[in-house]
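A.B. asks: If you read the sequences in order, they're chains A and B. To convert a position in the first sequence, counted from 1, into our numbering, add 1. To convert a position in the second sequence, counted from 1, into our numbering, add 24.
Think of the hints as simulated: they come from the structure by calculation, not from any bench. Here a beta-carbon is modelled for each residue, glycine too, at the ideal position from N, C-alpha and C. Among the hints, erroneous ones may be present.
Claimed, not checked - The following label-pair restraints were derived from C-beta to C-beta distances:
1. A:L64 x B:G184: 19 to 29 angstroms
2. A:E209 x B:T101: 45 to 55 angstroms
3. A:E303 x B:G169: 21 to 31 angstroms
4. A:P67 x B:S171: 30 to 40 angstroms
5. A:R63 x B:G302: 31 to 41 angstroms
6. A:P290 x B:H180: 25 to 35 angstroms
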Amino acid sequence: MAAPLAHAERPGPLLSVDGLCLSIGEATLLKDISFTVDRGEVVGLVGESGSGKTLTGLSVLRLVPPGARLAGRITVSGTDLTTAPRDVLRAMRGGEVSMIFQEPRSSLNPASPIGRQIADVIRAHQDISRRQAAAAAISLLGQVGLPSPRTTFAAYPHELSGGMCQRAMIAMALACGPSLLIADEPTTALDVTVQAQIIALLRSIADERGLAVLLITHNLAVVTQVCDRIITMYCGQIVNADSTHAVVTAPSHPYTWALLSAGRPQLAPAGFEDAAELTGQPASPASPPVGCRFHPRCPFSEPRCSETVPELAAAGGGLTRCLRYPELVLEAAGR
Amino acid sequence: MSALQPNTETAASSGTAVSVRGLTVSYDGQRPAVRAVDDVTFDIASGETFAVIGESGSGKSTLLRAIAGLVSPSGGTVDTQADAARPADQGSRPGRTQIVFQDPDLALNPRQPVWKSIAEPLVPRKLRIPAGLRDRALELLSQVGLSAEVGDRKPHELSGGQRQRVTIARAMAAGTSLVLLDEPVSAQDVSLQASILRLLTTFQRDRGLTYVIVSHDVSAVGRLANRVGVMYAAKLVEVGPTEEVLTRPRHPYTRALIASVPTISAEPGSAARPAIQGEPPDLRNPPSGCRFRTRCAFAIERCAVEEPGLGETALHTGDHQVACHRWQEIPEIPPARPRQSAGDHAIPQSKTGREPC
Numbered sequence: 002m003a004a005p006l007a008h009a010e011r012p013g014p015l016l017s018v019d020g021l022c023l024s025i026g027e028a029t030l031l032k033d034i035s036f037t038v039d040r041g042e043v044v045g046l047v048g049e050s051g052s053g054k055t056l057t058g059l060s061v062l063r064l065v066p067p068g069a070r071l072a073g074r075i076t077v078s079g080t081d082l083t084t085a086p087r088d089v090l091r092a093m094r095g096g097e098v099s100m101i102f103q104e105p106r107s108s109l110n111p112a113s114p115i116g117r118q119i120a121d122v123i124r125a126h127q128d129i130s131r132r133q134a135a136a137a138a139i140s141l142l143g144q145v146g147l148p149s150p151r152t153t154f155a156a157y158p159h160e161l162s163g164g165m166c167q168r169a170m171i172a173m174a175l176a177c178g179p180s181l182l183i184a185d186e187p188t189t190a191l192d193v194t195v196q197a198q199i200i201a202l203l204r205s206i207a208d209e210r211g212l213a214v215l216l217i218t219h220n221l222a223v224v225t226q227v228c229d230r231i232i233t234m235y236c237g238q239i240v241n242a243d244s245t246h247a248v249v250t251a252p253s254h255p256y257t258w259a260l261l262s263a264g265r266p267q268l269a270p271a272g273f274e275d276a277a278e279l280t281g282q283p284a285s286p287a288s289p290p291v292g293c294r295f296h297p298r299c300p301f302s303e304p305r306c307s308e309t310v311p312e313l314a315a316a317g318g319g320l321t322r323c324l325r326y327p328e329l330v331l332e333a334a335g336r
Numbered sequence: 025m026s027a028l029q030p031n032t033e034t035a036a037s038s039g040t041a042v043s044v045r046g047l048t049v050s051y052d053g054q055r056p057a058v059r060a061v062d063d064v065t066f067d068i069a070s071g072e073t074f075a076v077i078g079e080s081g082s083g084k085s086t087l088l089r090a091i092a093g094l095v096s097p098s099g100g101t102v103d104t105q106a107d108a109a110r111p112a113d114q115g116s117r118p119g120r121t122q123i124v125f126q127d128p129d130l131a132l133n134p135r136q137p138v139w140k141s142i143a144e145p146l147v148p149r150k151l152r153i154p155a156g157l158r159d160r161a162l163e164l165l166s167q168v169g170l171s172a173e174v175g176d177r178k179p180h181e182l183s184g185g186q187r188q189r190v191t192i193a194r195a196m197a198a199g200t201s202l203v204l205l206d207e208p209v210s211a212q213d214v215s216l217q218a219s220i221l222r223l224l225t226t227f228q229r230d231r232g233l234t235y236v237i238v239s240h241d242v243s244a245v246g247r248l249a250n251r252v253g254v255m256y257a258a259k260l261v262e263v264g265p266t267e268e269v270l271t272r273p274r275h276p277y278t279r280a281l282i283a284s285v286p287t288i289s290a291e292p293g294s295a296a297r298p299a300i301q302g303e304p305p306d307l308r309n310p311p312s313g314c315r316f317r318t319r320c321a322f323a324i325e326r327c328a329v330e331e332p333g334l335g336e337t338a339l340h341t342g343d344h345q346v347a348c349h350r351w352q353e354i355p356e357i358p359p360a361r362p363r364q365s366a367g368d369h370a371i372p373q374s375k376t377g378r379e380p381c
């Protein structure tokens, strides 16, 4: 049932998600999600709000809402997280796999100094002294580019800017030497200048440490600058997966194509007539459209798109879920 | 272009909608006092969309609040067309100015059906809601593309995009000609952004509105604004027509800001070199001279001594002003695709920050 893996030929991916389904009550919010992430690879997971990208990230750590039913297999370094007992899961979270979130300030404890929070994470996973943990925390704060690590160590979150808080969160995420970092909209709440610094930092961490990064964002421009591969989700499904170069130069799914067109920054008043854009609201995975889930918003839809359900099938070097893929030539937006 | 151009007829016939002269706003609760807006001067023509861009903490939201009369200036004046006869420090201007706040989740009363929130600007204080007001609110809802059924819901029953539409409907309810928008499309999906911007454009065309938009999202502003002002550390550092400022920025800060806007790139790893390092200065203790000099690759000794003024360095176009001692020496960025590759056009990295071009 599971769709073919994008990089199945490579031996032993670090993260392997196979046939992941998540449902709450009657609603199936994630349907048959399969992908892999290798060591040192930065993979982007993109889509609009409600596409299921955040739920996918949370599912990897089994941080799903109460009452949610998970199916499928998720393995990190060979450990199956879907069936792992609670203590194994607890050791993995913040240890082998860590996660950072959109609003750094609300992820930090406002009543505790930054450094102490990082040291606490280290001591939760490693049997070392308070002093050693503090030294490790100061070193980490320096590694993520905070100008005076010792001052930051003693600072409270409200004394730092949003960008500095996000750097501190990244330091905390790196504290136990994870092999996988899940970053959920890490730059959305930040200024563009700081965003550029943070995505450069994520890229250099991945390169230097061989860390695998799953970057979840709605900002395609950010993804194309930092990711090796891009996975596009729509309405609880993967609709497209390919290398960044292929996605940008020759997108193989109309939804990815539309996101690319809409995500192109405009620096002059150009009129909306010129801008290819995404109309309508995203479909809800709780009551998905019949046939191709994207067909009601797709500028290329045909009658058969509302009848036949497209499979995630090979397209060039990647995968696409589009009935019209063989005939459709999608212009690389604006290049 | 047509839909986005200002209503030139209105602009010509009624002149200046907002005139800001030497505006200074300081928060004295802080020790030492923080000047969030420091000696800012500009005009906004009637029917125009004026955008203020800059990083968090640059003072752009305070500037917007000062125009709305929500904070009192500690120096200078704000005159809006509607209240030219009144002193600027007379507090809020009910019925003259409407503001759309940044976070629609916080801007709506969670315990009221949204139609009541929309009707609020129409109700004189402490009076009962007059009959017929609900119909008026529902009509406004339909103008922002929401059905009457939505009007009876509470804010938490609406999606983020619907809530933003409700706050826009409320801003339009009182029929003011000046509407202030604080980050109207930040943190929204691209598809939602486009529909909100389109909605704002329609209202402006139909009603001849003047917009003042504050945003850190340079690309969203580019779609909507006629003129752009760039703020850095409480100062206005560059102002001019949108296309001029965004495609031929002259201030080193504006250039770095625009170069930081991520672009779609076929080569991963193009993010390797951020256009600007560090963080904006602490306003309790701003740098002497030019406030950007501590992060500027073009800074020279003069920049630390003498504060560059806006307006003294009007460019050839007249309308495009920049507050930089060295703007004439810094090579102009080619107008075509200025930020295609941050690496090519960004300010050169220099550890000392003292290396001239």
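A.B. asks: All the hints need checking, so say for each whether the structure fits it.
C.D. replies: Hint check:
no., hint, verdict
1, A:L64 x B:G184: 19 to 29 angstroms, "holds, 22 angstroms"
2, A:E209 x B:T101: 45 to 55 angstroms, "holds, 54 angstroms"
3, A:E303 x B:G169: 21 to 31 angstroms, "holds, 28 angstroms"
4, A:P67 x B:S171: 30 to 40 angstroms, "holds, 33 angstroms"
5, A:R63 x B:G302: 31 to 41 angstroms, "holds, 39 angstroms"
6, A:P290 x B:H180: 25 to 35 angstroms, "holds, 26 angstroms"
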